[in-house]
Amino acid sequence: MKLKTFAAALAATIISSSAFAADLPSRKVAPVMAPVPVFTWTGFYVGVNLGYSFGGSNNGNGFGVVLPPATAQHIGPLAGGNGSGKGINGGLQAGYNWQMGSLVAGLETDIQLAGIRGNGNPAGAMGIGNNGAAQFVAATSNSRIDWFGTLRGRLGFTVAPTFLLYATGGLAYGGVKNSVTPVFVNTTGGSLLGITTSTNSTKLGWTAGAGAEYAFSQNWSAKLEYLYTDLGSSNTNLTNAGAAIGAYFGCCTAYSGQLSNSNRFHTVRAGLNYRFGGYAAPVVAKY
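Position one of the sequence shown corresponds to residue 1 (this note's numbering), numbered consecutively onward.
It is possible that some hints are incorrect.
Stated by the list, open to error - Below 30 Å or equal to it, Euclidean Cα-Cα: the simulated DSBU-like pairs (lysine-lysine) are:
{"id": "1", "residue 1": "Lys86", "residue 2": "Lys177"}
{"id": "2", "residue 1": "Lys177", "residue 2": "Lys203"}
{"id": "3", "residue 1": "Lys86", "residue 2": "Lys203"}
{"id": "4", "residue 1": "Lys203", "residue 2": "Lys223"}
{"id": "5", "residue 1": "Lys86", "residue 2": "Lys223"}
Please keep in mind that the hints were generated in silico from the structure rather than gathered at the bench.
Between the sequences and the hints, there should be enough to build the whole structure, so can you do that?
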(Lines of atoms letter the chains of each structure in order from A and count residues from 1; the text may use other names and numbers.)
(Lines give C-alpha, C1' and ligand atoms only; values in the text may rest on other atoms or scores of the structure.)
Protein backbone atom coordinates (compact mmCIF):
# COMPACT_ATOMS: atom_id res chain seq x y z
CA MET A 1 0.00 0.00 0.00
CA LYS A 2 2.85 2.34 0.85
CA LEU A 3 4.55 1.51 -2.46
CA LYS A 4 1.45 2.44 -4.46
CA THR A 5 1.16 5.74 -2.59
CA PHE A 6 4.83 6.65 -3.29
CA ALA A 7 4.48 5.83 -7.02
CA ALA A 8 1.39 8.02 -7.36
CA ALA A 9 3.13 10.94 -5.64
CA LEU A 10 6.19 10.61 -7.92
CA ALA A 11 4.02 10.61 -11.07
CA ALA A 12 2.16 13.72 -9.90
CA THR A 13 5.46 15.54 -9.25
CA ILE A 14 6.80 14.75 -12.76
CA ILE A 15 3.58 15.92 -14.44
CA SER A 16 3.50 19.20 -12.52
CA SER A 17 7.20 19.87 -13.26
CA SER A 18 6.61 19.39 -17.00
CA ALA A 19 3.66 21.78 -16.96
CA PHE A 20 5.75 24.44 -15.11
CA ALA A 21 8.60 24.11 -17.60
CA ALA A 22 6.18 24.63 -20.47
CA ASP A 23 5.18 27.98 -18.95
CA LEU A 24 8.79 29.32 -18.80
CA PRO A 25 9.85 31.90 -21.48
CA SER A 26 11.77 30.62 -24.52
CA ARG A 27 15.54 31.05 -24.42
CA LYS A 28 16.13 30.80 -28.22
CA VAL A 29 18.79 33.34 -29.44
CA ALA A 30 17.58 35.84 -32.07
CA PRO A 31 19.48 35.64 -35.40
CA VAL A 32 22.28 38.22 -35.84
CA MET A 33 21.67 40.53 -38.87
CA ALA A 34 24.75 41.71 -40.79
CA PRO A 35 24.98 45.54 -41.01
CA VAL A 36 24.01 47.00 -44.40
CA PRO A 37 26.99 48.74 -46.12
CA VAL A 38 26.69 52.55 -46.45
CA PHE A 39 27.81 54.32 -49.65
CA THR A 40 30.58 56.90 -49.20
CA TRP A 41 32.35 59.36 -51.53
CA THR A 42 35.53 59.17 -49.43
CA GLY A 43 38.58 57.87 -51.29
CA PHE A 44 40.85 58.28 -54.29
CA TYR A 45 39.64 58.33 -57.89
CA VAL A 46 41.04 58.59 -61.44
CA GLY A 47 39.20 59.28 -64.67
CA VAL A 48 38.94 60.69 -68.18
CA ASN A 49 37.01 63.64 -69.62
CA LEU A 50 36.01 65.21 -72.93
CA GLY A 51 34.76 68.77 -73.39
CA TYR A 52 34.35 71.88 -75.51
CA SER A 53 35.78 75.35 -74.83
CA PHE A 54 34.30 78.55 -76.24
CA GLY A 55 33.33 82.19 -75.89
CA GLY A 56 35.98 83.80 -73.72
CA SER A 57 36.93 87.47 -73.98
CA ASN A 58 39.89 87.39 -76.37
CA ASN A 59 39.96 90.92 -77.79
CA GLY A 60 43.39 92.30 -78.68
CA ASN A 61 44.60 95.72 -77.53
CA GLY A 62 47.84 97.54 -78.31
CA PHE A 63 49.41 100.04 -80.66
CA GLY A 64 51.42 100.29 -83.87
CA VAL A 65 54.10 102.80 -84.79
CA VAL A 66 55.57 103.71 -88.17
CA LEU A 67 59.03 105.13 -87.54
CA PRO A 68 59.67 108.67 -88.85
CA PRO A 69 60.18 110.43 -91.18
CA ALA A 70 57.59 108.47 -93.18
CA THR A 71 54.58 110.06 -91.51
CA ALA A 72 53.53 112.58 -88.90
CA GLN A 73 51.54 111.51 -85.84
CA HIS A 74 52.58 107.96 -86.54
CA ILE A 75 51.21 106.16 -83.43
CA GLY A 76 47.92 104.32 -83.92
CA PRO A 77 45.93 102.09 -81.54
CA LEU A 78 45.18 98.42 -82.17
CA ALA A 79 41.91 97.35 -80.54
CA GLY A 80 39.15 94.76 -80.80
CA GLY A 81 38.56 92.36 -83.61
CA ASN A 82 40.10 89.22 -82.13
CA GLY A 83 37.37 86.61 -82.12
CA SER A 84 36.88 84.38 -79.09
CA GLY A 85 38.67 81.04 -79.12
CA LYS A 86 36.86 77.73 -79.34
CA GLY A 87 37.68 74.06 -79.72
CA ILE A 88 37.57 70.53 -78.30
CA ASN A 89 39.67 69.37 -75.34
CA GLY A 90 40.08 66.12 -73.46
CA GLY A 91 42.30 64.60 -70.82
CA LEU A 92 42.76 62.88 -67.47
CA GLN A 93 41.86 63.75 -63.88
CA ALA A 94 42.65 62.38 -60.43
CA GLY A 95 41.58 63.38 -56.94
CA TYR A 96 40.54 62.53 -53.42
CA ASN A 97 37.24 63.13 -51.56
CA TRP A 98 36.42 63.34 -47.86
CA GLN A 99 32.76 62.85 -46.87
CA MET A 100 31.45 64.24 -43.57
CA GLY A 101 27.74 63.58 -43.34
CA SER A 102 26.15 65.16 -46.41
CA LEU A 103 29.19 67.45 -46.96
CA VAL A 104 31.90 66.34 -49.39
CA ALA A 105 35.25 68.14 -49.72
CA GLY A 106 37.96 67.19 -52.19
CA LEU A 107 41.04 68.05 -54.19
CA GLU A 108 41.33 67.39 -57.94
CA THR A 109 43.96 67.89 -60.64
CA ASP A 110 43.60 67.43 -64.39
CA ILE A 111 45.63 67.84 -67.59
CA GLN A 112 44.06 68.48 -71.01
CA LEU A 113 45.08 68.37 -74.65
CA ALA A 114 43.25 71.23 -76.36
CA GLY A 115 42.50 72.62 -79.78
CA ILE A 116 41.29 76.10 -78.76
CA ARG A 117 41.76 78.51 -81.67
CA GLY A 118 40.87 82.17 -82.13
CA ASN A 119 41.62 84.84 -84.73
CA GLY A 120 40.64 88.38 -85.61
CA ASN A 121 41.65 91.72 -87.09
CA PRO A 122 42.23 94.49 -84.55
CA ALA A 123 42.60 97.95 -86.10
CA GLY A 124 42.83 101.64 -85.31
CA ALA A 125 43.09 105.08 -86.96
CA MET A 126 46.36 107.00 -86.99
CA GLY A 127 46.97 110.70 -87.43
CA ILE A 128 46.87 112.38 -90.84
CA GLY A 129 49.99 111.60 -92.85
CA ASN A 130 52.49 114.12 -94.24
CA ASN A 131 50.63 114.04 -97.54
CA GLY A 132 47.37 115.01 -95.81
CA ALA A 133 45.84 111.56 -96.37
CA ALA A 134 44.11 109.41 -93.79
CA GLN A 135 46.05 106.44 -92.47
CA PHE A 136 45.45 103.54 -90.13
CA VAL A 137 47.08 100.49 -88.59
CA ALA A 138 45.58 96.98 -88.64
CA ALA A 139 46.71 93.44 -87.86
CA THR A 140 45.82 89.83 -88.42
CA SER A 141 45.94 88.19 -85.01
CA ASN A 142 45.84 84.49 -84.12
CA SER A 143 45.79 82.77 -80.73
CA ARG A 144 45.82 79.11 -79.72
CA ILE A 145 45.88 77.04 -76.54
CA ASP A 146 47.31 73.57 -77.15
CA TRP A 147 47.09 72.27 -73.58
CA PHE A 148 46.01 73.36 -70.11
CA GLY A 149 45.61 71.95 -66.63
CA THR A 150 44.11 72.80 -63.25
CA LEU A 151 44.60 72.13 -59.54
CA ARG A 152 41.30 72.74 -57.76
CA GLY A 153 39.48 72.33 -54.50
CA ARG A 154 35.96 70.89 -54.55
CA LEU A 155 33.20 71.45 -52.00
CA GLY A 156 29.71 70.02 -52.34
CA PHE A 157 26.82 68.20 -50.75
CA THR A 158 24.88 65.04 -51.47
CA VAL A 159 21.25 65.51 -52.52
CA ALA A 160 21.05 61.70 -52.48
CA PRO A 161 23.66 59.19 -51.24
CA THR A 162 25.01 58.64 -54.76
CA PHE A 163 24.33 62.11 -56.28
CA LEU A 164 26.73 64.98 -55.56
CA LEU A 165 26.51 68.71 -56.42
CA TYR A 166 29.70 70.74 -55.99
CA ALA A 167 31.52 74.02 -56.60
CA THR A 168 35.18 74.06 -57.61
CA GLY A 169 38.02 76.51 -58.13
CA GLY A 170 41.78 77.00 -57.99
CA LEU A 171 44.94 77.27 -60.09
CA ALA A 172 45.03 77.02 -63.89
CA TYR A 173 47.98 76.89 -66.30
CA GLY A 174 48.41 76.29 -70.00
CA GLY A 175 50.48 76.60 -73.16
CA VAL A 176 49.54 79.70 -75.17
CA LYS A 177 50.70 80.69 -78.67
CA ASN A 178 50.00 84.09 -80.27
CA SER A 179 50.98 85.58 -83.60
CA VAL A 180 50.31 88.95 -85.22
CA THR A 181 50.93 90.36 -88.71
CA PRO A 182 50.49 94.16 -88.88
CA VAL A 183 49.91 96.49 -91.81
CA PHE A 184 50.11 100.31 -91.91
CA VAL A 185 48.13 102.01 -94.64
CA ASN A 186 48.16 105.57 -96.01
CA THR A 187 45.04 105.86 -98.15
CA THR A 188 46.79 107.67 -101.02
CA GLY A 189 50.41 106.75 -100.52
CA GLY A 190 50.64 102.98 -100.16
CA SER A 191 51.11 100.50 -97.32
CA LEU A 192 53.78 99.05 -95.07
CA LEU A 193 53.36 95.30 -94.56
CA GLY A 194 54.78 93.82 -91.36
CA ILE A 195 56.39 90.45 -90.78
CA THR A 196 54.55 87.94 -88.58
CA THR A 197 55.76 87.91 -84.98
CA SER A 198 54.96 84.99 -82.64
CA THR A 199 55.14 84.22 -78.93
CA ASN A 200 54.96 80.85 -77.21
CA SER A 201 54.64 80.73 -73.40
CA THR A 202 53.25 78.86 -70.42
CA LYS A 203 50.74 81.03 -68.58
CA LEU A 204 49.41 80.85 -65.02
CA GLY A 205 45.90 81.88 -64.03
CA TRP A 206 42.79 80.74 -62.22
CA THR A 207 39.63 78.74 -62.83
CA ALA A 208 36.24 78.36 -61.15
CA GLY A 209 33.03 76.48 -61.85
CA ALA A 210 30.51 73.90 -60.68
CA GLY A 211 29.42 70.38 -61.45
CA ALA A 212 27.34 67.31 -60.66
CA GLU A 213 28.50 63.72 -60.18
CA TYR A 214 26.46 60.52 -60.02
CA ALA A 215 27.76 57.16 -58.79
CA PHE A 216 25.99 54.50 -60.86
CA SER A 217 27.85 51.58 -59.26
CA GLN A 218 30.09 50.87 -56.29
CA ASN A 219 33.24 52.12 -58.06
CA TRP A 220 32.10 54.06 -61.14
CA SER A 221 30.70 57.58 -61.36
CA ALA A 222 29.94 60.06 -64.16
CA LYS A 223 30.17 63.84 -63.94
CA LEU A 224 29.16 66.95 -65.88
CA GLU A 225 31.22 70.08 -65.17
CA TYR A 226 31.49 73.77 -66.16
CA LEU A 227 34.70 75.82 -65.74
CA TYR A 228 35.63 79.42 -66.52
CA THR A 229 39.39 79.73 -67.04
CA ASP A 230 41.52 82.89 -67.17
CA LEU A 231 45.16 82.45 -68.23
CA GLY A 232 45.90 86.16 -68.23
CA SER A 233 47.17 88.00 -71.31
CA SER A 234 49.98 87.50 -73.83
CA ASN A 235 51.99 90.38 -75.31
CA THR A 236 53.40 90.17 -78.84
CA ASN A 237 55.94 92.81 -79.82
CA LEU A 238 55.96 94.30 -83.31
CA THR A 239 59.59 95.14 -83.94
CA ASN A 240 60.63 93.56 -87.24
CA ALA A 241 61.35 95.11 -90.62
CA GLY A 242 58.51 95.24 -93.11
CA ALA A 243 58.00 95.58 -96.84
CA ALA A 244 56.83 98.90 -98.32
CA ILE A 245 54.32 99.05 -101.16
CA GLY A 246 53.95 102.39 -102.93
CA ALA A 247 55.99 105.59 -102.77
CA TYR A 248 54.74 106.99 -99.50
CA PHE A 249 56.57 104.50 -97.29
CA GLY A 250 59.51 104.15 -99.64
CA CYS A 251 61.87 106.00 -97.32
CA CYS A 252 61.12 103.94 -94.25
CA THR A 253 60.36 100.25 -93.89
CA ALA A 254 60.31 99.72 -90.13
CA TYR A 255 57.52 99.47 -87.60
CA SER A 256 57.16 99.04 -83.87
CA GLY A 257 54.36 98.36 -81.37
CA GLN A 258 52.72 95.71 -79.28
CA LEU A 259 49.50 93.66 -79.20
CA SER A 260 48.09 92.11 -76.03
CA ASN A 261 45.62 89.21 -76.27
CA SER A 262 43.61 87.94 -73.30
CA ASN A 263 43.36 84.17 -72.85
CA ARG A 264 39.95 83.49 -71.28
CA PHE A 265 37.47 80.76 -72.12
CA HIS A 266 34.51 78.69 -70.89
CA THR A 267 34.59 74.88 -70.80
CA VAL A 268 31.77 72.36 -70.55
CA ARG A 269 32.89 68.75 -70.19
CA ALA A 270 31.73 65.28 -69.23
CA GLY A 271 33.87 62.83 -67.29
CA LEU A 272 34.00 59.23 -66.08
CA ASN A 273 35.72 58.31 -62.78
CA TYR A 274 36.84 55.04 -61.25
CA ARG A 275 36.72 55.41 -57.47
CA PHE A 276 38.69 53.19 -55.10
CA GLY A 277 36.32 52.19 -52.29
CA GLY A 278 32.66 53.08 -52.62
CA TYR A 279 31.12 51.48 -49.54
CA ALA A 280 31.88 51.62 -45.82
CA ALA A 281 30.45 49.50 -42.99
CA PRO A 282 28.24 51.51 -40.62
CA VAL A 283 29.26 52.07 -37.01
CA VAL A 284 27.45 49.50 -34.80
CA ALA A 285 27.08 50.18 -31.10
CA LYS A 286 28.47 47.51 -28.77
CA TYR A 287 26.69 46.63 -25.54
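Results for each hint:
In summary, the hint linking Lys86 to Lys177 is supported, as the alpha carbons are separated by about 14 Å, within the 30 Å threshold. A threshold of 30 Å between alpha carbons decides the hint, and for Lys177 with Lys203 the separation of about 10 Å falls inside it, so the pair holds. Using a Cα cut-off of 30 Å, the hinted pair Lys86 and Lys203 holds, with the two alpha carbons roughly 18 Å apart. Proximity of Lys203 to Lys223 is assessed by CA-CA distance (about 27 Å); at most 30 Å being required, the pair is judged to hold.
Between Lys86 and Lys223 the alpha-carbon distance is near 22 Å, which keeps this suggested pair within the 30 Å criterion.
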